[in-house]
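Enquirer: Residue numbers (my numbering), protein chains in the order written: chain W, 1 to 127; chain C, 1001 to 1550.
Just so you know, the hints here were simulated from the structure itself, not pulled from any lab data. Treat the hints with care, as some may be off.
Said to hold, decoys possible - Beta-carbon label-pair distances, calculated as ranges:
1) GLU1117(C) / VAL125(W): 36 to 44 Å
2) THR77(W) / SER1010(C): 51 to 59 Å
3) ASN1116(C) / ALA76(W): 19 to 27 Å
4) VAL1367(C) / THR77(W): 53 to 61 Å
5) LYS1482(C) / GLY124(W): 39 to 47 Å
6) THR77(W) / PRO1529(C): 20 to 28 Å
Glycine included, C-beta positions come from ideal geometry on N, C-alpha and C.
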Amino acid sequence: MDRREFCLAGAVMATSFAAARGLAASPILLDVVIFDSRFSVACNFGAAACRKGQKTLAIQGDVTALWRDDLRLRWATGAAAIGGMTTERSLFCLEQLAKDHWLRVKSRRNVLLNEQLVSWVIGGVDA
Amino acid sequence: MRLPPGVSRSDFSAAIAEFEKVVGSQWVFTSDEDLDLYRDAYSPFLNEPEERMASAAVAPSATEEVQRIVRIANRYRVPLYAISTGKNLGYGGSAPAYSGCVVLDLKRMNRIIEVNEANAFALLEPGVSYFDLYRYIQDRKLKVWIDCPDPGWGSVVGNAIDRGGGYTAANYRNHFDSHCGMEVVLPSGELLRTGMGAIPKAETWQQYKSGCGPWIDGIFSQSNYGIVTKMGFWLMPQPEAYMRCTVSLPRYRDLAPMVETLNYLENSRITAGFPDIASPLIGYPPIGQIQLWNEDGPPHMTDEHRKLLTAVDLGYSRELEEYGLKSQIPYWQLWLSFHGPMEVIEAQWQATQRHFARIEGAKFNTVDRVSVPLDPANIEHFHEPEFGIPSLRAFSIGARTPWNPTPSKGHMWFSPIIPRTGAAIIEANRVFSRAARDLGMPLFRSFTLPACFWERSFIFILATPVTEDPETNKRYREGFKKLIEIGGQQGWGEYRTAPVFQKSVMDVYSFNNHALQRFHETLKDAIDPNGVLSPGRYDIWPRHLRGKPS
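Bound conformation, chain W alone:
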């Protein structure tokens, strides 16, 4: 699903955007927002971010392709803050990969609507 398709899909999704509003309120400028498309709450989160003009990328648990095709390149050209709503295990992987660029988890919140999910921001020390 590319960004356009995602925004179209997101337009008809139920509204539960508290976490996304939280991200938007964050002082950290996010380069991209990651969401796990297996979970409707996370899809809503991604849709809200997309409507705000943020680039979004979907995963389904495994972050290999996200890392290989996007984050690796994004982070290689300079530290970039990202946010998202994923499982803890996906975040764990992203956290370990972020360490290679001296990036770290800046915030982490459990998602009340789905205990499997966390919303989070990864950024640099000054982000």
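Position chain C relative to chain W; hints supplied.
Expert: Showing chain C alone in chain W's frame:
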């Protein structure tokens, strides 16, 4: 500012200032927030005072910088702890073995110096990850495979130095064995090249391992005698085809002849792919299927089958075996893979079947028969590392799913080497299951099968969970040490372990009043008299720290 033990604030500040002159201040890290990045994500002392912590980190970008840092460390007696990318989770991660060390982080040294397709080798710096090397090869359409562990985010050099393993053909799966030639910064700061690399202008550094005279590469693995700054690896020529097959055997007693036959076929190189032992009847998956089991759930099991499993002893009961025979569920299933030209691997599979057919009731199945490279659209159906493709999917092993409702916060790998016989599998289960039950350890609760990463031995690789409860973690740590000791009494030793357990493991290697340990210490004193390099790694301590708690 955190200080290394025994180093004054003024000396440490002076050392840090000199490190900054070498690498630039942006590559020296002293704040708590930065140093948290070097904590072991799976520390068995998670959030306890004993958790190993760094005092600083410094990230050079070139060998010459490493040499200068080591010389500064000697001048101020500042202990360093070298890491490649620090991804060996379950075996210590990026945290030092000795709290207060300055982590020497080599991940910026990430140059792929050469990938030679014609001679199938690579020469790499320690910051090169499996993903990096794989991408480099793919971008250039080189017809060579890497062999990567699961997950594949770590350093090729670091994994080899830690003696990790992978999943392709036998002569590439043992990552240390498949290396050829090293460049090493010694604790004095002097630069050394091993093997043919010791000959200036040699073009055979990555073609002939040992050179002439003592072959010393081994002392730079799982040790603290030098910092490897370049390392060569033999790569596998891309095979034309891949075939995955199963051999299914109906009876419990078939385990021993199955292993004997496998050994003969492997040692003769009739089969060279990663062998994977499973038990459909006991409900024990092959390693290559764990991912799918975790994502989609295990195969369906009847209530009768499940009930029978509650009454087995060391994986056996006559009733269970009869149920398996009646229901045509194999007791054992050996997954074999073959790489090469199709006509060759077909012939290898034919020969393999002929040998296993001597076991009554053996059944054979060809699961996959594909040309290589794989169609990328189909790769998810396979265990990617068996095709030399790095992946992070393994991490869903710990994810919360209906089949894994309470994932752990990490794990410590318990990984003893045992003999490659069916009898040893059963004996190890007998010894470890009883001990684990007595110690309240969540291991060997059901009959457990070993992995076949190495050609000549078996290895159990079992995850002891790390939890958020310090009392539970303490119990597991103590139980883990006891299991190491009990294994040692049987002649079984770990192949690799986290710093917390390195003393316990090395104590098991005790022949002739710990002659090996004493030799390690003699070397340490000679090579690193100031004890600045990775003190305590694999329980090799410099003289001034010997016998003191870490």
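Enquirer: For this structure, which hints from the list above don't hold up?
Expert: 2, 4, 6
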